[in-house]
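Q: Go ahead and model the full structure; you've got the sequences and the hints to work with.
Number of protein chains: 2
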Amino acid sequence: MGEVTIKDNEKISNAVIKRLPRYRRYLLELQKKGVDKISSNEFSALIGYTASQIRQDLNNFGGFGQQGYGYNVTSLVNEISGILGLDKAYKMVIVGCGNLGQAIASYTHYYKQGFEVQSIFEINPRLIGMRINDVEVRSYDELVEFVEENKTDIGIICATKANAQEIADKLSFAGVKGIWNFATVDIEVPEFVVLENVHISDSLYALAYHINRNEKKKQLAAEKKAAEAAKTAEE
Amino acid sequence: MGEVTIKDNEKISNAVIKRLPRYRRYLLELQKKGVDKISSNEFSALIGYTASQIRQDLNNFGGFGQQGYGYNVTSLVNEISGILGLDKAYKMVIVGCGNLGQAIASYTHYYKQGFEVQSIFEINPRLIGMRINDVEVRSYDELVEFVEENKTDIGIICATKANAQEIADKLSFAGVKGIWNFATVDIEVPEFVVLENVHISDSLYALAYHINRNEKKKQLAAEKKAAEAAKTAEE
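For the record, the sequence lines run as chains A and H.
Here my numbering is used: the first residue of the first sequence is 1, the next is one more, and so on.
Here my numbering is used: the first residue of the second sequence is 1, the next is one more, and so on.
Keep in mind that the hints were calculated from the coordinates and are not lab data.
Be aware that a few hints might be false.
Since the list gives no way to pick out one identical chain from another, each pair is judged satisfied if it fits inside one copy or across any two copies.
[To be verified] DSSO-like cross-link-like pairs, simulated, lysine-lysine; straight-line CA separation at most 27 angstroms:
no., residue 1, residue 2
1, K224, K18
2, K161, K18
3, K151, K33
4, K170, K224
5, K231, K218
6, K217, K88
7, K161, K91
A: As structure tokens, then:
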């Protein structure tokens, strides 16, 4: 691995990176079911990408399937996990202890995968001192000092639009490597900090689009049927 | 519009649909700032896609910019909103009143855009009868009847993995047009129901990938610097 992986990673496009967690989820399910190997065609039927897309994506990092054998599920899971950096541990803080902050803190799911929530920071004095899923809620005033002292890797912004940029500034100043932003506003961070914005509504809008398309299709089909019935009646 | 739009929509790829909400967000910000028009180059600098990608995406549905003028911000917002179906109203129910369900219910944000939460459904008797952001929490037993009577368009699953499929079955049976699924499990729905799965962790994994790449780059740069320093010392 080592340098080879680094070189290969350079070429992987952002679009492929966005697909890797999905590949990994399906592979983990296969692993749970005791499946050892899978062909690109079988994988295609399962995950919904074309077999050629799958081969192209996985070839990006040397996950070559063998002709007539397919992919080794466990090797592929390990390789993808390695590329995503999930073989490492990350220390995180959450800023904002509203419902969303609490929901994120409760996703025990993350802990299993090496993402540890160290603390939650909040302005509301009634929440400070509480424990959410065994994680202490601290005063927002202590954020910078805590991140510096505890070498936090990732800051999670679960606050309002109005406060997001200030929080991002504090987190960046204190030395986080990445920010996971749930506030519905685009924020700016220094070059050395990685920013990932989560826009939950985007997928709601995509849902609305597909619902509308379905409705239009149904309507067109109904109109066509009505027109045909009218034509038949005329004849 | 009418048939033209329908025909045009047929051609729009899923990848473009996923980008439209992002275009819309930026255009709404421009509108707020009183900007009337924007060129593809200016838009590119703002949103981070190439100018040619922007022209290609927007040409998909007839959002043609004029040479030497650019795009009319308001027309483009309206056109994108229309394509996404955001000029219509949607009635939604949330199933699961944990932190995530409550967080979604509190996003007043959606209401402004025609997504109305009619009710939240929950098994826990202590929560039933409560009001979250003026929305009543009802017993899960009443879900099917409520959806049928109130002609709910979208069901939002904010429950655990174990219950997600059962909830999806009930929602589909009761007649929703779409399901927005936050449970971290892939569920199956009938053909006439649109499913949008939200995998929040995927973007955390993408963040982990970029953090690692940054760290590797820093490490390589440091090693190179050290090697050069050693070489200089030898000379």
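Q: Work down the list of hints and note, for each, if the structure agrees.
A: Verification of the hints:
1. K224 <-> K18: neither (41 angstroms within a copy, 30 angstroms between copies)
2. K161 <-> K18: both (25 angstroms within a copy, 22 angstroms between copies)
3. K151 <-> K33: Neither: 38 angstroms inside a copy, 39 angstroms across copies.
4. K170 <-> K224: neither (60 angstroms within a copy, 31 angstroms between copies)
5. K231 <-> K218: within (20 angstroms within a copy, 73 angstroms between copies)
6. K217 <-> K88: between (48 angstroms within a copy, 17 angstroms between copies)
7. K161 <-> K91: Both: 24 angstroms inside a copy, 25 angstroms across copies.
In this structure, the hints that do not hold are numbers 1, 3, 4, in rising order.
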